[in-house]
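> As given, the protein sequences belong to chains A, B and C, one line each in that order. Residue 72 in my numbering sits at position 72 of the first sequence, and the numbers go up by one each step. Residue 44 in my numbering sits at position 44 of the second sequence, and the numbers go up by one each step. Residue 117 in my numbering sits at position 117 of the third sequence, and the numbers go up by one each step.
Please keep in mind that the hints were generated in silico from the structure rather than gathered at the bench. Bear in mind the structure is a predicted one, so any value in this text is a computation, not a measurement. Warning: the hint list may mix true and false statements.
[Claimed, not checked] Only pairs whose alpha carbons sit at most 20 Å apart, straight line, appear in this in silico SDA-like list of lysine to any residue: (1) LYS86/A with ALA37/A; (2) LYS3/A with LYS51/C; (3) LYS429/C with ARG111/B.
[Unchecked claim] Sample of chain B residues lacking proximity to chain A, with all beta carbon distances greater than 10 Å (derived): (4) ARG12; (5) GLY63; (6) GLY91; (7) SER105; (8) ASP108; (9) ASP129; (10) LEU157; (11) ASN262; (12) GLY263; (13) ARG305; (14) ASN307.
Heads up, the beta-carbon is just placed ideally off N, CA and C, and yes, glycines get one too.
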Amino acid sequence: MFKRVIDETASDVVFDFEGTEVTARNGESVAAALLGAGVLSFRQTPVKDRARGPFCMMGVCFDCLMVIDGQPNRQACQVRAASGMKVARQIGAAELTLDQADPA
Amino acid sequence: MTTPKQSDEDKRTADVIVIGGGIHGCSAALHLVRRGVSVIVLEKDYVGRHASGVNAGGVRRLGRDLAEVPLAQASYEYWRDMPALVDDDCGYRATRYLKVARSESDMDAARQRVAELNARGFTHEDVIDQKTLRGFLPAAASHCVGALHVDGDGSALPFQTTQAFKRRAQKLGVVFHEETPVLDIQRRAGNWRVDTPIGAFEAPTVVNAAGAWGGVLAAKLGDDVPLKAHAPMLAITARMPPFATAVVGALSGALSFKQFENGTVLIGGGVRGRAFPDTNRTALDMKGMSQFLSTARDIFPIMKRANIVRTWAGIEGYTPDNLPIISAGREAGIVHAFGFSAHGFQLAPGVGEFVADLATGATPKLSLDAFNVSRFQQLGPA
Amino acid sequence: MSFDIIIIGAGPAGMSAAITASDSGAKVLLLDDQPTPGGQIYRAIEAAGDKQANILGPDYMAGKPLAEKMRALNIEYVSDASVWQVTDEREVGYSTGGQARLVTAPAVILATGAMERPFPIKGWTLPGVMMAGAAQTMLKTSGLAAEGAIFAGCGPLLYLVAHQYLQAGVTISAIVDTTAKANRIPALSHLPGALKRWDLLLKGQKWQSEIRKSGTRIIDDVSALRVLGETKAEGLSVNTAGAWLDIKSEHVFLHQGVVPNVNLSFAAGLDHSWDERQLCWRPDTDTWCGASIDGIFVAGDGGGIGGGLAARAEGEIAALGALGKLGLIDTTTRDARAKSARATLSRELCIRPFLDTWFRPSDSFRVPIDDDAIICRCEELSLKDIRDTIEIGLVGPNQLKSFCRAGMGPCQGRFCGLTVQELIAKQTKRTAADVGYYRLRPPIKPLRLEELANLQIDDDT
């Protein structure tokens, strides 16, 4: 478990992770907030359906890919958590809707 | 891996020396060795390093210049059974090819094209309406009103295909020397003597399959060809859920678009980057690339959310009329097979047969007049 | 708005370059992918206070005045900017707020830093396994630490982070030290140079002795590692003194050194050379940090590992080089101003040969021996998958890429490139330098098609 060892800034960011509320500190990445909330697995790989979680926390490994506010393939360690965000694990290749009404 | 015997590796003479280990060189070598002709292939980098190994992999008869249609048809017969030719399926999938119409004038152009083809006895292309298009491509935008279509066209994997030709040719006895550039080529007592960093090779006949470097080689052989090297660009996405099985182009606006079985989408089209053939380098033009990415997005709105994970460009040779050079040279013992202007991949299995004809003095079953090197003689060098 | 110098990366090298350039009146654009400046070493430094100081130490806190100075400059500093290309004509492509842009300047300084070397052991892809640098980043940005974690590997950063954990009062299950004893004798030949920086050697010793005194379990004489667990990390299996030993933990932090992050420099077309001592590729640079393409400079760890203070010095030198090239200062002034930075750089680099040799990661940890160790994380290719593909007669990483997709995933070879290169070298009996690296092209980070299709060119208007 990750625990807070420096606990000074208020946690006033609340986002949704697959129906659960997760609090984050101001300025914290989605990845850090999720790790702090005990979530270790962020996605299932497209080729062999294996669980992956954040690895480098600096934006070079691309293992922390999640669906954030409907946009897939977002590096959770590079996205600042914001209140009202909707975060979900990315299962396999990114899910995209074939919405014919999408204006070009 | 089948390695030629030590004695083969040391061979310095053969019936034919093929210069260029791209798909055309490898195809020519294979067709020749199948006829009992001994072949040495000299490749300056590694087989499939350049255009042959990095192109979009389109296997199409669709949209070809009328002069090329018979060549494409002949090649198609080989594509239908690649395992028989090269003992490998080459990743070939006949998923159909569609050039999408986004307006009524596109549809008119398509109908005109089919009429032109039919008048010449070619029936492989047809025009499909919006309903049929929707059936093939449910993800196409609503302003796509139909398409020019070829059932049986599709795509293959270029690097795998080129390597398959090489391996099969090797198995039958063709000797390949990679990382072996041609330094010079001279007439020597009825033969061509080819100088390389690993020594000289001699043969009565040479095949110039040197791709973007074919113009330079042709000049050494006494044929002036105004060949220019450019770098057609491609972009590939991260994996996406399956939404398009057919290969897609556009009637107005250059586009090549296909989704692989692994979900990634490969996009190319028209705009070229800069090529530096002397250093095997290309420079990409991102602003130019944004043009065909826009076209892809226009036809498939789902692509707005796609992630481009990599781009690249190959070094290709272009002729002024965008038709290849497939002919004997001015002097004896020369066969040219280059200048495919970014659409040579599908043609390779068939062209190899005709190059083998030219190299052995047989008469090709098709006319190759449109591809004669002499058509440039008046123009002079580039 | 047109710029004289574009600087990519706001770590120590980038901030230092910005300060030097701006002080001489150059119009500077500083691009960085994080919301606040600092790079990796000074991550989240602006928000750091006494609590961070106690845990993270004075070397970290030294970044604070540098960031303050950068903020006070009259430059264009764009944070949250992801740079995805630099061309041979100094055209920089970057994205910010979902909009991709192109901007060109007569001088571009790459200050993109380093990343951790891959550590391809069996199970390294399981959730719960992270790099030691990631543990440190979480401390810096979020004050988060993992209780009862295992730290495994070698190199100064491993001990630094473990020390920081102990300062924070966090229990460590074990430190598994893979430093090879065989490195000691070769390293000692570099000791005379290193002794000039006895202060740094002493500092390292201090961390080590404090860690020992804390009673933290330290395991050495390690010849193999495997992460335990099927769907997530459950611990680490360690082969020490010839026997396997299992240590339980949900958190495993790996580290075996840092290497330059070369994706941008390779994609720009810069010449690189293989450094056999640091076991990595480094862009070729001259005495002004100028790279092989005119007008492009490389400063900091992105050009070769030297640490934070060396990076600062190189930032100054590169900026002076750029200013001189642009004629914004004369060469006499330029040379005089560079003297102090050169002296610092020399002081900082004299310990490198010793450190690089002492902490040289062992062959068996750079190139794994477990058939099912994953080599290409993105495409999920194992050692066996890669070896089988090499067997069919491929001679380089780019052929391998075309055949089995190794290096074709989103990380673009960052976590497999060095491993693949060394694997091919071993299997085909050639040198790593001879085998070469993946051919890298822009975008160096995935870019939404939408952004690239809507590409905007920044011009003078």
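> Which of the listed hints are broken here?
The structure breaks hints 3, 11, 12, 13 and 14; every other hint is satisfied.
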